[in-house]
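Spelled out, the chains give:
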Amino acid sequence: MSAEAAIRAEFRGTVGKFSLDAGFTAPAKGVTALFGPSGCGKTTVLRCIAGLLRVSDGLCEIEGDVWQDRDGSFLPTHRRPLGYVFQEASLFPHLTVRRNLMFGAPRDNRGATGERVAFDEVVDLLGVAALLDRSPRHLSGGERQRVAIGRALLSQPKLLLMDEPLSALDRATKNEILPFLERLRDRLALPVVYVTHDIAEVERLADQIVLMEKGRVVAAGPLADLQSDPSLPLAMARDAAVSLNGVIESRDTHYGLLKLDVRGGQFVVPAPPARIGEHRRIRIVAGDVSLAREPPGASSILNVLPARIVSMRPVDSNEVVAVVALGPDGDGARLLSRVTRKSWDQLGLARGVSVYAQVKAVALAPGRRELD
Amino acid sequence: MSVFSLHIWPPVLLTIELATITTLLLLVIATPLAWWLARSRAWWKEVIAAVVSLPMVLPPTVLGFYLLVALGPDGPGGAIASLWGARTLAFTFTGLVIGSILASMPFVVQPIRNAFAAIGDRPLEVAATLRASPTRAFWTVALPLASPGLLSGAVLGFAHTVGEFGVILMIGGNIPGRTRVMSTAIFDFVETMQWREANILAGGMVVFAFAVILSMILIEKRVSRARA
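Residue numbers (this note's numbering), protein chains in the order written: chain A, 1 to 372; chain B, 1 to 228.
For the record, the hints were derived by calculation from the structure and aren't laboratory data. Among the hints, erroneous ones may be present.
To be verified - Simulated DEER-style distance windows between Cβ atoms:
#1 VAL69(B) <-> ARG98(A): 56 to 66 Å
#2 GLY39(A) <-> PRO144(B): 50 to 60 Å
#3 ALA118(B) <-> LEU188(A): 48 to 58 Å
#4 PHE74(A) <-> PRO144(B): 22 to 32 Å
#5 ARG98(A) <-> ALA86(B): 47 to 57 Å
#6 PRO10(B) <-> ARG98(A): 44 to 54 Å
#7 THR96(A) <-> THR94(B): 36 to 46 Å
#8 GLY16(A) <-> VAL207(B): 29 to 39 Å
#9 SER133(B) <-> ALA118(A): 18 to 28 Å
Claimed, not checked - Derived lysine to any residue pairs resembling SDA-like cross-links, with alpha carbons at most 20 Å apart:
#10 LYS342(A) <-> GLY352(A)
#11 LYS214(A) <-> ARG54(A)
#12 LYS17(A) <-> ARG41(B)
#13 LYS221(B) <-> GLY287(A)
#14 LYS360(A) <-> ASN318(A)
#15 LYS158(A) <-> LYS221(B)
#16 LYS342(A) <-> VAL362(A)
#17 LYS214(A) <-> VAL55(A)
#18 LYS360(A) <-> ARG313(A)
#19 LYS29(A) <-> LYS158(A)
#20 LYS221(B) <-> PRO93(A)
#21 LYS214(A) <-> LYS342(A)
#22 LYS221(B) <-> ARG137(A)
#23 LYS158(A) <-> SER133(B)
#24 LYS360(A) <-> PRO270(A)
#25 LYS214(A) <-> ALA189(A)
#26 LYS29(A) <-> LYS214(A)
#27 LYS221(B) <-> LYS342(A)
#28 LYS360(A) <-> VAL247(A)
#29 LYS342(A) <-> GLU319(A)
#30 LYS360(A) <-> PRO314(A)
Remember, predicted model here, so these are calculated numbers, not experimental data. All residues carry an ideal CB built from backbone N, CA and C; glycine is no exception.
Starting from the given sequences, assemble the full structure and let the hints guide the process.
If you want it as structure tokens, here you go:
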């Protein structure tokens with residue numbers, strides 16, 4: 001294994017009646033989403049990584065530390081430097097919020113190095129300062145989950161495991177917590193393995209994705225690669241989209257627009273003012289991307305980007321999904337475009353053809369699609 | 001004549017002493033046993049649970065009879081007694097403590113076991129993911145969460161020890177000042193036609209039993225409210 005594959009997990013065996021044969025490697029940075037339908041074994045894999053579940057044929061290696069090996073070595077959960085956020089917050093009801101937060105914190109706080117996650121930082125990041133002396137019984141679902149995340153972080157983990165941390169929450173609460181998770185990802189250099197069955201969470205949070213089905217790994221890799229792989233169900237779904245990471249290049253305060261640099265092009269996005277140089281992630285839905293052979297004349301569409309068609313796959317008899325790469329040479333980020341077969345044929349589109357990908361700016365407005 | 005001048009007090013004090021010592025020892029013995037019964041996956045754990053529960057259904061005289069044999073000069077109790085030069089543990093206060101522990105064990109183990117089982121796996125898994133060793137998780141999570149069960153067990157164990165009659169009579173012999181407790185003293189007072197003394201003791205035990213049951217209900221209520 002190369003140094004880059006710093007998370008390596010392979011588990012094979014039966015758990016109850018469920019047969020698991022899943023393995024993946026991922027870089028030990030950013031968010032790796034374990035994604036798949038309910039009952040596909042995502043949580044089982046996560047519990048195996050944590051050591052809460054033990055399959056005899058298992059291997060788990062995190063940044064060079066072997067947590068489980070095929071020779072039978074197995075580090076018990078409490079000796080693994082991990083944080084685990086369960087679906088239900090599972091706070092200790094007999095302790096205050098503050099003592100919940102400190103439960104896993106190393107006793108010796110002196111001589112703390114810069115890498116340590118500080119109590120004040122976590123409290124601030126998760127907005128739980130006002131709750132510290134309360135009992136978990138008197139918190140809302142969203143508050144509880146935030147405390148649970150803080151508690152996991154303060155145990156100074158080298159790896160954070162999250163098991164559908166939003167799925168027990170209602171829609172409004174999910175949208176309240178998501179920004180915290182995004183801040184977490186952006187501010188802390190902590191690798192996260194995140195289990196979810198909700199593609200919207202993947203699109204907003206994940207850097208890598210492991211696609212699972214029936215106890216097996218179907219595909220694994222960087223999110224953008226898998227999103228734009230027409231051989232996978234992700235790209236062919238009705239609401240297929242790609243997530244692009246961009247940097248704010250300039251802003252138009254008069255019209256409330258931001259201009260984002262992405263690989264191979266720029267997007268104009270309506271958004272509240274933000275600092276230049278900040279990172280932003282935009283989600284571009286395949287159905288919002290249209291293709292043209294010529295640059296359009298007067299049009300309300302603000303985003304018109306030269307691109308090149310990489311591949312195409314028919315969805316059914318009347319629609320096709322095309323993968324286009326941004327940039328005149330087609331070496332930039334990839335988008336999906338879902339168009340009718342009629343348009344495809346009329347424009348004479350084919351692999352390698354230069355096109356203009358068009359996306360309405362309002363289709364990229366943040367909050368246009370919240371979680372449900 | 002004042003109540004305090006009556007000779008009911010030695011048995012009352014002895015009863016409190018016996019029940020207190022028995023309850024404390026029971027908490028030490030029953031808690032790990034209840035933990036094991038709640039957590040173990042061994043198929044034979046229910047066999048152990050059944051053995052522990054036997055005193056609930058056995059006539060006290062049967063338990064008392066076997067205890068008498070075991071504590072006597074020819075049993076293991078005699079061997080232990082010989083360590084400090086005595087001949088037997090039967091008809092001694094130590095013997096009463098041992099008998100009470102066995103007779104009251106199921107009443108202590110059961111609520112504690114239920115309390116541990118009610119906690120479920122999750123809090124202990126959470127503790128483990130927060131670096132708590134199984135020992136630390138037991139002391140800082142399992143025990144505090146099960147504390148209402150421990151309290152119930154202690155109250156029930158105390159009350160049952162106070163109320164035990166058959167076993168005490170079989171192995172204690174009702175020796176004044178040494179093994180005569182309230183339940184056997186009542187029997188004695190009735191035998192000797194001391195109705196007034198019997199009345200005071202019996203009435204006291206009714207009040208005591210009522211207080212125990214009421215406090216159990218209140219504990220139960222507080223717990224279910226806290227869990228809601």
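Hint check results:
no.: 1; hint: VAL69(B) <-> ARG98(A): 56 to 66 Å; in the structure: holds, 57 Å
no.: 2; hint: GLY39(A) <-> PRO144(B): 50 to 60 Å; in the structure: violated, 35 Å
no.: 3; hint: ALA118(B) <-> LEU188(A): 48 to 58 Å; in the structure: violated, 36 Å
no.: 4; hint: PHE74(A) <-> PRO144(B): 22 to 32 Å; in the structure: holds, 29 Å
no.: 5; hint: ARG98(A) <-> ALA86(B): 47 to 57 Å; in the structure: holds, 55 Å
no.: 6; hint: PRO10(B) <-> ARG98(A): 44 to 54 Å; in the structure: holds, 52 Å
no.: 7; hint: THR96(A) <-> THR94(B): 36 to 46 Å; in the structure: holds, 45 Å
no.: 8; hint: GLY16(A) <-> VAL207(B): 29 to 39 Å; in the structure: violated, 53 Å
no.: 9; hint: SER133(B) <-> ALA118(A): 18 to 28 Å; in the structure: holds, 25 Å
no.: 10; hint: LYS342(A) <-> GLY352(A); in the structure: holds, 19 Å
no.: 11; hint: LYS214(A) <-> ARG54(A); in the structure: holds, 19 Å
no.: 12; hint: LYS17(A) <-> ARG41(B); in the structure: holds, 18 Å
no.: 13; hint: LYS221(B) <-> GLY287(A); in the structure: violated, 58 Å
no.: 14; hint: LYS360(A) <-> ASN318(A); in the structure: violated, 23 Å
no.: 15; hint: LYS158(A) <-> LYS221(B); in the structure: violated, 43 Å
no.: 16; hint: LYS342(A) <-> VAL362(A); in the structure: violated, 26 Å
no.: 17; hint: LYS214(A) <-> VAL55(A); in the structure: holds, 17 Å
no.: 18; hint: LYS360(A) <-> ARG313(A); in the structure: violated, 24 Å
no.: 19; hint: LYS29(A) <-> LYS158(A); in the structure: holds, 10 Å
no.: 20; hint: LYS221(B) <-> PRO93(A); in the structure: holds, 17 Å
no.: 21; hint: LYS214(A) <-> LYS342(A); in the structure: violated, 37 Å
no.: 22; hint: LYS221(B) <-> ARG137(A); in the structure: holds, 17 Å
no.: 23; hint: LYS158(A) <-> SER133(B); in the structure: holds, 18 Å
no.: 24; hint: LYS360(A) <-> PRO270(A); in the structure: holds, 10 Å
no.: 25; hint: LYS214(A) <-> ALA189(A); in the structure: violated, 32 Å
no.: 26; hint: LYS29(A) <-> LYS214(A); in the structure: violated, 27 Å
no.: 27; hint: LYS221(B) <-> LYS342(A); in the structure: violated, 71 Å
no.: 28; hint: LYS360(A) <-> VAL247(A); in the structure: holds, 19 Å
no.: 29; hint: LYS342(A) <-> GLU319(A); in the structure: holds, 8 Å
no.: 30; hint: LYS360(A) <-> PRO314(A); in the structure: violated, 24 Å
Violated hints, in rising order: 2, 3, 8, 13, 14, 15, 16, 18, 21, 25, 26, 27, 30; the structure is consistent with all others.
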